[in-house]
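**Q** Next come the chains, spelled out residue by residue.
There are 2 protein chains.
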Amino acid sequence: MSSSLRVLIIGGVACGPKTASRLRRLMPDADITMIERDQLVSYGACGLPYYVEGEFININALTHTQVGLPRTPEFFQKTKGFKTLTRTEALSIDRKNKTVRLKNLDTDEETDMAYDKLVIAAGGSAFRPPIPGLDLKNVWFMTHPEHARTLVDEIKDQGFKKAVMVGAGFIGMEITEALTNKGLDVTMVEMFDQVMPGVLDKDIAEYVQLHLDDNEVELALGERVTALNPDESGQKAVSVQTDKQTIDTDCVIIAVGTRPNDSLAREAGLSCMDKGGIIINDYCQTSDPDIYAGGDCAVNRYVSSIAGNPMYVPLGSTANKHGRVIADHIAGMRVPFEGIAGTGIVKCFEFNIGRTGMTEKMAKQMNLDYEVITWGGPDRPHYMKTARYMLIKMLASKRDRKLLGVQAAGMGDVAKRVDAAAAVIFFGGTLDQLAGIDLAYAPPYGPPLDPIAVCAHILSNKMDGISRSLSVEEAKKRMDTTDAVMLDVREPDENKLLTIKCDPDRHFHIPLGELRERIDELPKDKDILSYCKISLRGYEAQLILNQAGFDRVWFIEGGHEAWYYGLNYLGM
Amino acid sequence: MSSSLRVLIIGGVACGPKTASRLRRLMPDADITMIERDQLVSYGACGLPYYVEGEFININALTHTQVGLPRTPEFFQKTKGFKTLTRTEALSIDRKNKTVRLKNLDTDEETDMAYDKLVIAAGGSAFRPPIPGLDLKNVWFMTHPEHARTLVDEIKDQGFKKAVMVGAGFIGMEITEALTNKGLDVTMVEMFDQVMPGVLDKDIAEYVQLHLDDNEVELALGERVTALNPDESGQKAVSVQTDKQTIDTDCVIIAVGTRPNDSLAREAGLSCMDKGGIIINDYCQTSDPDIYAGGDCAVNRYVSSIAGNPMYVPLGSTANKHGRVIADHIAGMRVPFEGIAGTGIVKCFEFNIGRTGMTEKMAKQMNLDYEVITWGGPDRPHYMKTARYMLIKMLASKRDRKLLGVQAAGMGDVAKRVDAAAAVIFFGGTLDQLAGIDLAYAPPYGPPLDPIAVCAHILSNKMDGISRSLSVEEAKKRMDTTDAVMLDVREPDENKLLTIKCDPDRHFHIPLGELRERIDELPKDKDILSYCKISLRGYEAQLILNQAGFDRVWFIEGGHEAWYYGLNYLGM
Numbered sequence: 001m002s003s004s005l006r007v008l009i010i011g012g013v014a015c016g017p018k019t020a021s022r023l024r025r026l027m028p029d030a031d032i033t034m035i036e037r038d039q040l041v042s043y044g045a046c047g048l049p050y051y052v053e054g055e056f057i058n059i060n061a062l063t064h065t066q067v068g069l070p071r072t073p074e075f076f077q078k079t080k081g082f083k084t085l086t087r088t089e090a091l092s093i094d095r096k097n098k099t100v101r102l103k104n105l106d107t108d109e110e111t112d113m114a115y116d117k118l119v120i121a122a123g124g125s126a127f128r129p130p131i132p133g134l135d136l137k138n139v140w141f142m143t144h145p146e147h148a149r150t151l152v153d154e155i156k157d158q159g160f161k162k163a164v165m166v167g168a169g170f171i172g173m174e175i176t177e178a179l180t181n182k183g184l185d186v187t188m189v190e191m192f193d194q195v196m197p198g199v200l201d202k203d204i205a206e207y208v209q210l211h212l213d214d215n216e217v218e219l220a221l222g223e224r225v226t227a228l229n230p231d232e233s234g235q236k237a238v239s240v241q242t243d244k245q246t247i248d249t250d251c252v253i254i255a256v257g258t259r260p261n262d263s264l265a266r267e268a269g270l271s272c273m274d275k276g277g278i279i280i281n282d283y284c285q286t287s288d289p290d291i292y293a294g295g296d297c298a299v300n301r302y303v304s305s306i307a308g309n310p311m312y313v314p315l316g317s318t319a320n321k322h323g324r325v326i327a328d329h330i331a332g333m334r335v336p337f338e339g340i341a342g343t344g345i346v347k348c349f350e351f352n353i354g355r356t357g358m359t360e361k362m363a364k365q366m367n368l369d370y371e372v373i374t375w376g377g378p379d380r381p382h383y384m385k386t387a388r389y390m391l392i393k394m395l396a397s398k399r400d401r402k403l404l405g406v407q408a409a410g411m412g413d414v415a416k417r418v419d420a421a422a423a424v425i426f427f428g429g430t431l432d433q434l435a436g437i438d439l440a441y442a443p444p445y446g447p448p449l450d451p452i453a454v455c456a457h458i459l460s461n462k463m464d465g466i467s468r469s470l471s472v473e474e475a476k477k478r479m480d481t482t483d484a485v486m487l488d489v490r491e492p493d494e495n496k497l498l499t500i501k502c503d504p505d506r507h508f509h510i511p512l513g514e515l516r517e518r519i520d521e522l523p524k525d526k527d528i529l530s531y532c533k534i535s536l537r538g539y540e541a542q543l544i545l546n547q548a549g550f551d552r553v554w555f556i557e558g559g560h561e562a563w564y565y566g567l568n569y570l571g572m
Numbered sequence: 001m002s003s004s005l006r007v008l009i010i011g012g013v014a015c016g017p018k019t020a021s022r023l024r025r026l027m028p029d030a031d032i033t034m035i036e037r038d039q040l041v042s043y044g045a046c047g048l049p050y051y052v053e054g055e056f057i058n059i060n061a062l063t064h065t066q067v068g069l070p071r072t073p074e075f076f077q078k079t080k081g082f083k084t085l086t087r088t089e090a091l092s093i094d095r096k097n098k099t100v101r102l103k104n105l106d107t108d109e110e111t112d113m114a115y116d117k118l119v120i121a122a123g124g125s126a127f128r129p130p131i132p133g134l135d136l137k138n139v140w141f142m143t144h145p146e147h148a149r150t151l152v153d154e155i156k157d158q159g160f161k162k163a164v165m166v167g168a169g170f171i172g173m174e175i176t177e178a179l180t181n182k183g184l185d186v187t188m189v190e191m192f193d194q195v196m197p198g199v200l201d202k203d204i205a206e207y208v209q210l211h212l213d214d215n216e217v218e219l220a221l222g223e224r225v226t227a228l229n230p231d232e233s234g235q236k237a238v239s240v241q242t243d244k245q246t247i248d249t250d251c252v253i254i255a256v257g258t259r260p261n262d263s264l265a266r267e268a269g270l271s272c273m274d275k276g277g278i279i280i281n282d283y284c285q286t287s288d289p290d291i292y293a294g295g296d297c298a299v300n301r302y303v304s305s306i307a308g309n310p311m312y313v314p315l316g317s318t319a320n321k322h323g324r325v326i327a328d329h330i331a332g333m334r335v336p337f338e339g340i341a342g343t344g345i346v347k348c349f350e351f352n353i354g355r356t357g358m359t360e361k362m363a364k365q366m367n368l369d370y371e372v373i374t375w376g377g378p379d380r381p382h383y384m385k386t387a388r389y390m391l392i393k394m395l396a397s398k399r400d401r402k403l404l405g406v407q408a409a410g411m412g413d414v415a416k417r418v419d420a421a422a423a424v425i426f427f428g429g430t431l432d433q434l435a436g437i438d439l440a441y442a443p444p445y446g447p448p449l450d451p452i453a454v455c456a457h458i459l460s461n462k463m464d465g466i467s468r469s470l471s472v473e474e475a476k477k478r479m480d481t482t483d484a485v486m487l488d489v490r491e492p493d494e495n496k497l498l499t500i501k502c503d504p505d506r507h508f509h510i511p512l513g514e515l516r517e518r519i520d521e522l523p524k525d526k527d528i529l530s531y532c533k534i535s536l537r538g539y540e541a542q543l544i545l546n547q548a549g550f551d552r553v554w555f556i557e558g559g560h561e562a563w564y565y566g567l568n569y570l571g572m
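Chains as they are written, first to last, in the UniProt record's numbering: chain C, 1 to 572; chain F, 1 to 572.
Just to be clear, a hint being listed does not mean it is correct.
Since the list gives no way to pick one copy over another, a pair counts as held whenever it fits inside one copy or between any two copies.
[As the list claims (entries may be wrong)] Using 25 Å as the maximum straight-line C-alpha spacing, the simulated DSS-like pairs for lysine-lysine come out as follows:
1. Lys83 with Lys477
2. Lys78 with Lys524
3. Lys202 with Lys501
4. Lys385 with Lys182
5. Lys78 with Lys275
6. Lys501 with Lys361
7. Lys78 with Lys462
8. Lys385 with Lys156
9. Lys182 with Lys275
Calculated directly from the structure, the hints in this document are not laboratory data.
With the rest of the complex left out, here is chain C (with noise of 0.2 Å):
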């Protein structure tokens, strides 16, 4: 064959252009051409919260280059060397033939392309639950900038007061945190029973609770949407019901999920998982090698470090490195993509939450053997001014230790703290050499022993049997459920502070310092459970009374910080 390649890509958002502009850099040859059914092509989705947050003005920065450009056809022909068509659909696949059926959604006109490579970069869409009312006038799925506009201009026209924010994924956070910035009361509502409950264990979430509950956003959690209340003219919602209550609202935005734009390669024939998504290989290749297919309309399998079937993460970064991969191999070159790690980060208010790796529901739900620990503390040495609390939770696997997760939220820098994991469960790294990597230090950016590093070592010694201890849930579970004790080895001082409200029978206090002395005091018949400001001194007491013949004693992970998740610290 003389003639160039024939490439079609469709979709172009983000995997769709990747692809397209780094194929016509490596194939100059190649003829490239991407379709989009929308209008606009190539816009930043990901920013519609900060401009509705008012983080920018002008919306444009979504849809423009970095120097003011608008990404038109017109620009990627010239700056980038390949033919776009919007507003056109692709109805079908012919596999046989090698010919996509397109229609211009403006004519109606129908023509088939051929193509020698096909590239599926269709994307997601917003999941639209099944409940009436959805195409009242103030509701809103926030997946395009027309949307985020609108929003704007009628929270400014109308004088919106009240908002209701549908679903506490990462979407619901970011959106909650600009609605109420912008002076709006917000209610979140979520079918389950936490926010973030795809991304954060339980635990985790509640402590993003408390930070939401302080920005005074309503939490409905556990509660499920049934319908959106018309007003009597039938044209803008004026209250959200769920199961439990009729929520007054001025408008509702809603976001429980996106699902991948998979029809068109399902009616094809390829392969796809029954929850949705195409299936790829490393390579992005479908079931097909001459389609391939990226971005949020694929399903991606875990690192191998991380068990697990393909899963449905759609993520504006994976969507990048899809194109890059897809490029390549139709280019000739080999560079697979080997898989995500889960890794998802927000911010809310002033809180940083992150995740990467598998949450804890995950390896229960896996039946893997592992083990995890709960830290709170400060992110930099205590005296800086900048150090500032988080919680961290960290699993290894307990057959060869390998890290497997890690979530992390509040004021601290998770960011950092998350990117380094995700580097070390891409490789398959250890506990062991999770702690010993150099990370940068300086009293600015974290103490003489990262934070990650410190959790890597505390769940070490719980994995070795060098220390016993429970998270706070266990804790408070142990002590609800027998006759344990708590014993709290801070310094009067700190102790006139605030104690863990229990029972004063059970409840002792003895400094670690007089620990040895005092040790007669506590009782070997009940279990014991220790604690002190952030439980690096628990820990002490508990090897301190194991030491003794004290056997059933555990130190509560985080101590008393997180117990009360960090109040102490939020001023800092």
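Let chain C serve as the given structure and place chain F on it in line with the hints.
**A** Same frame as chain C, but now just chain F:
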């Protein structure tokens, strides 16, 4: 032997207390003694510049625990369970009889103490350059809380207006910030012709120097201090004499490096580096397996992905890791110290400056076959107000594509990127792996493709021959020494702002979108250096020109912004 294991630890600042505390937790019955020459034990020396700056006002923060307990011998005895002897010096080691000769510095009494295991954690000492005047009253080294306390007091009491900082390493940078922010006029004197000579390549250092200049720090680079000139009374220094000038000052701070306190080990016949530093294995054992060494008196091997001899890099983070490795090994647990990556970070005014792995200078000295790029751009999506510019320089091995080193500087979030790179270097990862890690992405933290992944891509492209580029330094040289021309492919409006200064006859301006049509305006017989704002379009111009038969085209790495060090971004 029925008696308990006798462990003697020489040195009580960082590695010593860490070793003793961990060992007590692992071995309840060990007989642990820690000795320290000074009166103070276990202080946070890294915090001294922040005390000087006024970040905290009670210097006890450095000598007390987080909850305000002084870390005294009594504290260690009571809460940690080991003995501490202060004002006690180790004079000599008798390896045959396994004793150490100790001297009580208050009574001058000498005794021998027996050990089964000996730990040398003797730290480092500030290097005292061989010049007259070091003992004058207003001359400070910055290694002990007393130094910081007296400096702060005298600045206030004497009304110091001017300071000379001798040495532009980590401490020099921190103290310069501290004194400037206290209102003093600071002159930095550095023997080498750049700041941070042991840490950064000169091109990155020059960017840092611009920032020092913006903060009105006087730089005296490439100047050797020959004397501190005393006043008439001979009590205090009135000026610093260099080989080029006399600099009047009210006080002098000297931080020209740390030397390992290895004489005790050396005199006992333990293997040391000729240049200084006790040689240790992966378990921190010296050449005598019953003697361990750790912290600032020891040298470290590099992690296995980096070639080279053991290096002396004294850092609090490493000292703490050593302490744990030593305690574990004494207790029979074998968790190795897997080496350092030469990671370092420092904050200086609004700049974050970090490095991990090798610099280009080091790679050259080792004759490695490497490729290198410099990138400059915002650390977050351009639509975020919090986006800040930074430069990243990245090296990788041509042989196996392994990441060799990263340097980063600017107002952007450098720590996050340095940590991710440090992890990759720890695991011996390649550029492709670095780009593949599932790093945390959301607009408040970074763009979809993190800058560190973007750098890995650009360096891959260069290594694979897809792109051809020159660093700003190389481009400047090419313009100076050949008849090369420049090609600005930015839009007219951008171009109006600022163009790289050069002879108009050797400067072409063709916006990228017009390049294909106007290609004949360019000379085929000259080197063409293309650029735009950050050089993504510069790179595309190079490819378009290559495809049109122009062979002599390179894009300028980091583009216009890197040429002028991102000055347009400083106010983002």
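**Q** Take the hints in turn and mark each one as holding or not.
**A** Verification of the supplied hints:
1. Lys83 with Lys477: Close neither inside one copy (62 Å) nor across copies (39 Å); limit 25 Å.
2. Lys78 with Lys524: Between copies only: 22 Å across, 80 Å inside.
3. Lys202 with Lys501: within (22 Å within a copy, 58 Å between copies)
4. Lys385 with Lys182: Close across copies (17 Å), not inside one copy (29 Å); limit 25 Å.
5. Lys78 with Lys275: For Lys78 and Lys275, neither the intra-copy (40 Å) nor the inter-copy (59 Å) Cα distance is at most 25 Å.
6. Lys501 with Lys361: Neither, since 28 Å and 59 Å both go past 25 Å.
7. Lys78 with Lys462: between (60 Å within a copy, 24 Å between copies)
8. Lys385 with Lys156: Result: close only across copies, 22 Å inter versus 38 Å intra.
9. Lys182 with Lys275: For Lys182 and Lys275, neither the intra-copy (37 Å) nor the inter-copy (61 Å) Cα distance is at most 25 Å.
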